[in-house]
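Generate the whole structure from the sequences, applying the supplied hints.
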Amino acid sequence: MLSRVADSLYWLSLNMERADNIAKLLSVRTISMLENHNLKIKQDDEWEELVKIAGDLDQFQQSYSQCKRSSVIHYLAFSKENANSIRSCIALARENAKGIREIIPMEMWEVINELYLEIRDFPTSDVTIEQLNDFFQKILEKSFQYQGIITSLMPRGDSYSFIMFGKHLERLRKLSRTLDVYYHKKIAARDNIDSVNYHYWSAVLSTVSGYESYLQKYQAFIEPLQVVNYLVFDATLPRSANFNAERMMYAFSKLQADGVTDYSRRLYDTLHELKREVSYESLNDISISLHDYFQKLQTLCDEVGNAIMDTYYLGEISTL
1 MLSRVADSLY WLSLNMERAD NIAKLLSVRT ISMLENHNLK IKQDDEWEEL
51 VKIAGDLDQF QQSYSQCKRS SVIHYLAFSK ENANSIRSCI ALARENAKGI
101 REIIPMEMWE VINELYLEIR DFPTSDVTIE QLNDFFQKIL EKSFQYQGII
151 TSLMPRGDSY SFIMFGKHLE RLRKLSRTLD VYYHKKIAAR DNIDSVNYHY
201 WSAVLSTVSG YESYLQKYQA FIEPLQVVNY LVFDATLPRS ANFNAERMMY
251 AFSKLQADGV TDYSRRLYDT LHELKREVSY ESLNDISISL HDYFQKLQTL
301 CDEVGNAIMD TYYLGEISTL
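Numbering-wise, the sequence shown is residues 1 to 320 according to my numbering.
Because the hints were derived from the structure by calculation, they are not lab data. Among the hints, erroneous ones may be present.
When the alpha-carbon atoms are kept at most 25 Å apart in a straight line, the in silico DSS-like pairs for lysine-lysine are as follows [said to hold, decoys possible]:
no. : residue 1 : residue 2
1   : Lys52     : Lys254
2   : Lys80     : Lys52
3   : Lys68     : Lys52
4   : Lys68     : Lys24
5   : Lys138    : Lys68
6   : Lys24     : Lys217
7   : Lys138    : Lys98
8   : Lys138    : Lys80
9   : Lys80     : Lys24
10  : Lys68     : Lys98
11  : Lys52     : Lys24
12  : Lys138    : Lys217
13  : Lys52     : Lys217
14  : Lys275    : Lys254
15  : Lys98     : Lys80
16  : Lys68     : Lys80
Here's what the structure looks like:
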């Protein structure tokens, strides 16, 4: 496979996953605003945490004087200046898809193009929370269509492996950052702590699409450490850290059918280190603080990403 094609497949997948993750964050937050009538929760609702999860707080603070609902939604969803906004990610994914239309299923191109046109034409001012929520839901529906097309139509060859690299690397990276930000949020001073705890961790699970499956496994009992154990170590959950590390290792093994070579050794070693870090029985087996652990996972994700680019000569397209 040409490096140009592999490059486009990888960044197409990574940017589509990034847009999906941001849409989930914003969707869960807007639904919470529509459903939540606890004034104490509303008062303490911090939009800054969403920017922290996106990893763009420094850039955000350079562009906006206040971290409030309108500025955060604009920055994460619609900003042309933010390379990680939903709009920018979809535009980048579309540019990558345009150059490899002969490689990907026609239906994939159509979904990405429709998604781009939808977000391009959406009014970014004078919209209600209900309209924003409907918009984020449309993005998520298109994302499900996109994922379904990959699963149903793409041959399990090299193209599929590069798509898996981008998808699962970004999914694991955002999961570790989400848990790092959310787990350390202070809720002890709030009224009715049990109720707030349930609402809060339900939102965390919904943000990473794990709410329904968690309840199926643990019934109605939501406990913070148990939630984190589930999202990090459960080998059957498609969005767990363990599952995503395993899928990246599988993609690597398919690409390297002849075994590990000198040029792929670094990627192999880094992937195995990441897999070891997400294969404990529980958080009780970790010898460092949770913050340091999540930071380590993010660092390993960055190292895996760099190793993928170096091994297969990839680089990101920058034209919107």
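So, going through the hints one by one against the coordinates:
| no. | hint | in the structure |
| --- | --- | --- |
| 1 | Lys52 x Lys254 | 35 Å, violated |
| 2 | Lys80 x Lys52 | 19 Å, holds |
| 3 | Lys68 x Lys52 | 13 Å, holds |
| 4 | Lys68 x Lys24 | 18 Å, holds |
| 5 | Lys138 x Lys68 | 24 Å, holds |
| 6 | Lys24 x Lys217 | 22 Å, holds |
| 7 | Lys138 x Lys98 | 22 Å, holds |
| 8 | Lys138 x Lys80 | 20 Å, holds |
| 9 | Lys80 x Lys24 | 20 Å, holds |
| 10 | Lys68 x Lys98 | 36 Å, violated |
| 11 | Lys52 x Lys24 | 15 Å, holds |
| 12 | Lys138 x Lys217 | 29 Å, violated |
| 13 | Lys52 x Lys217 | 30 Å, violated |
| 14 | Lys275 x Lys254 | 17 Å, holds |
| 15 | Lys98 x Lys80 | 20 Å, holds |
| 16 | Lys68 x Lys80 | 19 Å, holds |
Hint compliance for this structure: hints 1, 10, 12, 13 are not met, and every other hint is.
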